Amino acid sequence: MLDTSEAGGPAVRRRWFALLLRDRFATAAAVVLILVALCAVLGPVYAGDLATRQNLRAPGRPPFGLDHGWAFVLGSDSLGRPVAARLLAAAGTTLAVAVPAVLCSLVIGSVWGMWAGYHGGWRESVSLRVADVILSFPSLLLAVVVLYVFSPSAASLVLVLAVARIPVYLRTARAEAAELRSRLFMDAARTFGTGGWAAIRRHVAPSVLPTLLTVAALDFCFVMLAESSLSFLGIGIQPPDVSWGLMVAQGRQELQSAWWIALFPGLAIVVTTVSATVLASWARLTTDPGQRWREGLGRRSRGLRSDRGSRGDRGSRGDRRSRGDRGRSAAGDAATEEEREEERSVPGSAAGSGARPPGEGTEADVLVVDDLSVDVHTPTGPVHVVRRVSFAVRSGETLALLGESGCGKSMTAHAVAGLLDPVAEVVGGQVRLDGVDLLGLGARARRRLAGPGLAMVFQDALSALNPVHTVGAQLAEPFRIHEGLSRRAARARAVELMERVGIPEARSRAEAYPHQFSGGMRQRLLIATAVALQPKVLIADEPTTALDVTVQAQIMDLLGELRAEQRTALVLITHDLGLAAEHADRVAVMYAGTVVETGPVAEVFGRPHHPYTRGLLASVPAEQHRGARLTSIPGSPPEPGSVPAGCAFRTRCPMARERCATHRPALTGTGAGRAAACHFGKELADA
Amino acid sequence: MLTLLRRRAVSSVIPLLFVVLGVFFLARLTGDPANLYLPLSATPEMRAEFAARNGLDDPLITQFGDYLAQVAHLDFGESLRTAQPAGEAVLRAFPATLQLAGWTMLLALAGAVVIGSLAAYRPNSVTDRIATFLSSTAASVPDFWIAIMGVLVFAVTLGWLPTSGTSGAAAWVLPVATLLIRPFGVLVQVVRGAMVSALSAPYVKVARGKGASEVRVVFGHALRNAAAPALTVAGDLAVGLVNGAVVVETIFGWPGIGKLMIDSVLQRDFAVLQAAVLVTALAIFALNILVDLCHALLDPRVRQRAAA
Ligand code: SF4
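In order, the protein sequences belong to chains H and W. Anchor point for the first sequence: position 534 equals 534 in the numbering used here, and the numbering is continuous, going up by one each time. Anchor point for the second sequence: position 206 equals 893 in the numbering used here, and the numbering is continuous, going up by one each time.
Source of the hints: derived by calculation from the structure; they are not laboratory data. All values derive from a computational prediction rather than experimental measurement. Glycine is no exception: its CB is placed at the ideal position from the N, C-alpha and C atoms. Please note that the accuracy of each hint is not assured.
Chain W side only, calculated, beta carbon under 8 Å to chain H, not exhaustive [stated by the list, open to error]:
#, residue
1, Thr690
2, Val707
3, Arg809
4, Thr814
5, Leu821
6, Thr824
7, Val843
8, Gly846
9, Ala899
10, His908
11, Gly940
12, Pro942
13, His982
14, Ala983
15, Leu984
16, Arg988
Calculated from the model, a selection of chain H residues having no Cβ within reach of chain W, i.e. all distances over 10 Å [claimed, not checked]:
#, residue
17, Leu180
18, Arg201
19, Pro265
20, Gly451
21, Asp460
22, Pro504
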């Protein structure tokens, strides 16, 4: 639904039109521009004569009087020429300069730019130099000089403005074309013999055009303003022709006696340019998928929370118990007393590492995530990216949240840490830290817990460290914020911390900046920041993805040491089966925004109770788990916005039956400390 | 820092040369000064004498060579109009423009940082929508019209402010306010865009994850990262202002460089025009270096690249 790949086709065009209509601002702007264009075409025909005819019987009439006909509604000037008629006539002149100027510079500049960018080399550098020279020329001075050489007229105005704006398009087109050149398909195009102009026309132009048109829309404002400035200065449009800028200049002479002469043409300019700007920025928003994603922010809906009780799967489940206990998770509902009895007798569970159903908050659990749901707001409505996820972790325990990219595991982590992007919103559930629901806390109380209560290690350490501050300052920050230490004392603690995570020469390296460290060292720094205040829960979001294998191992070892040392509960978010197998006590497997299976890691991997987990493991021999990506099942996971009804996995599931298409399976206990979200989980467990 | 300076100098010198060259030849295409300075009835002998006296009878190439030799000795020639050294006229006009540009940029930047950050803090909120709409309006408003409307309201109707001149603080209000509007509008949008992306950067999340207050997040972490694009655009806008705020200077009778340049073209006062263009070009060169220095000050990665 966020498909922006093709910029053509009637369906796409129709959707654009629908999007335009949805944005009231942009619609209004488009209507205004169409009206201005109509005035420009028809105005000179109807008003051209009136605009220049002097009427000495009606000089200096104030506006808004109707007794002299429509032409005089906006008053008249000292020569009795009606302002309204002159405005209409001027619309024609103004657009007759602006439109050709924009078109000329657009065509010349973009063809030139694409040519330069496509070929590269000297053609590129010479072109850029030329653009530099034109741009560094004082533009107004250039205009004045050229207009003196060619004598001011509409045609020379077009020439001047077009030349002055060519570099803008040249640069944009060049940059985009050069980027495309470096991509694969251009190489392919070259080897197939489509060279030069053909390749530019076929490959470069279509992808550069949207950007260039946006630039042109903004440039239209610039050109209009330049034309009116020049006309105002007396070196643009010359009387008896009339343009809006010229009218303002004339109005300036009569400012004391007839303010309306200067007011209305200025308003006309403003309305036109503002409309063009609004439309241009709308176009930019719509063509840029990254921006469009943000656009939906204005409309918030709380779908999930309100229709909570009416979810089909929940009502239809036969074994549902009425515990009268609000906030219990689906899995909690399903886990029977017997099972929990049983759980205590399972050998090995005495060690503490949770052979128990997820989401069941016991005393020992420091973090309990209960029925958590997260929506992302998009222009087409909210998308449920995390749906009723529950899990729990104890001190000193490691829980792996395992899943393919896009399954919602990262979003879950961010929601738990309270670090969701503004477009995403928690729409249901609880996150309890030591029994306190974090989602119910105020911002200040929540901040107090960020660091000592719950901390997070990010995936990409380079972007997670602030590039403009020294690492020492960044590591000292937790101490300054939470313990109120002086700059100096905090810095000393930061150095200690750097030593602890194994950074050599910590004292001097504290003065260095993030970009001066290697990837592994940066990840160590990031971990140091997170563990600075000995958090009760540490969430590590793919902490080793960006690193090579040896460094990965070192980082995981460090995390393991710190976890043992500080008795931290570790939530390890990963797509790496081996990493989970090796470092986690328990695992929660996620698919399409939900937890599909959970349990002790050895048991789940040894005997999966969900077809998805099974599929994952089937193609990967146990000894090769390490580093294996979760891509072994035919088909691909659904997009968050188009999860099928019933079981989200059914399109790829070898075991799918009729029931799967209509009923969404809930996470249900399938054995000691085990749960799976499959209608036939029990069968798999018993088979 | 020296490398930075050298690189800037190398990349600026070609455009600079072209500008000087272009102005020299284009100015001479605009017409013969003799038409303006001699009576219509002037005989060909008088014209020849006038041309010879002002060095306008040589071939253009020779004139250009002479001009370059003069400039090398910091001699910019004499004004045809006032017979005073052209350099002096330019140096008299330049501070007026610089002051105007300086105040304008200072206020525009300060305002844009505040408004832009506020708008970016909650993208698409009501504040953001209002700020975005107002700033895009401001960025596309004709300044000469705003100036005239300002004069109409505050000078003619209310009588609070003078219509022209440079004396007294009140005289600065309308010119600065008029000049301010467009750079302000543009900068608000740039700051907003840069802040939106800085605020969604992972390091901001990390800062929030440390429990940093929102003030600390916005000003301590995001703003400095968002400063670079704003600084670049502010530099370009300042170049525009230094080049002469011709329209505003004309309307408010501000004795600045822009007005001087246009007047020189109109009066075929080549020496003054050339001197003005040269001095502005140098000022812009200095301005660009200042912008580079600020970039280096703000971002350690730029410092490292400059040192390399
Ligand atoms: S519920 Fe049906 S489709 Fe879903 S995993 Fe189980 S068997 Fe497969």
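Violated hints - listed by number, lowest first: Structure breaks hints 1, 2, 4, 5, 8, 11, 12, 13, 14, 15, 19, 20, 21.
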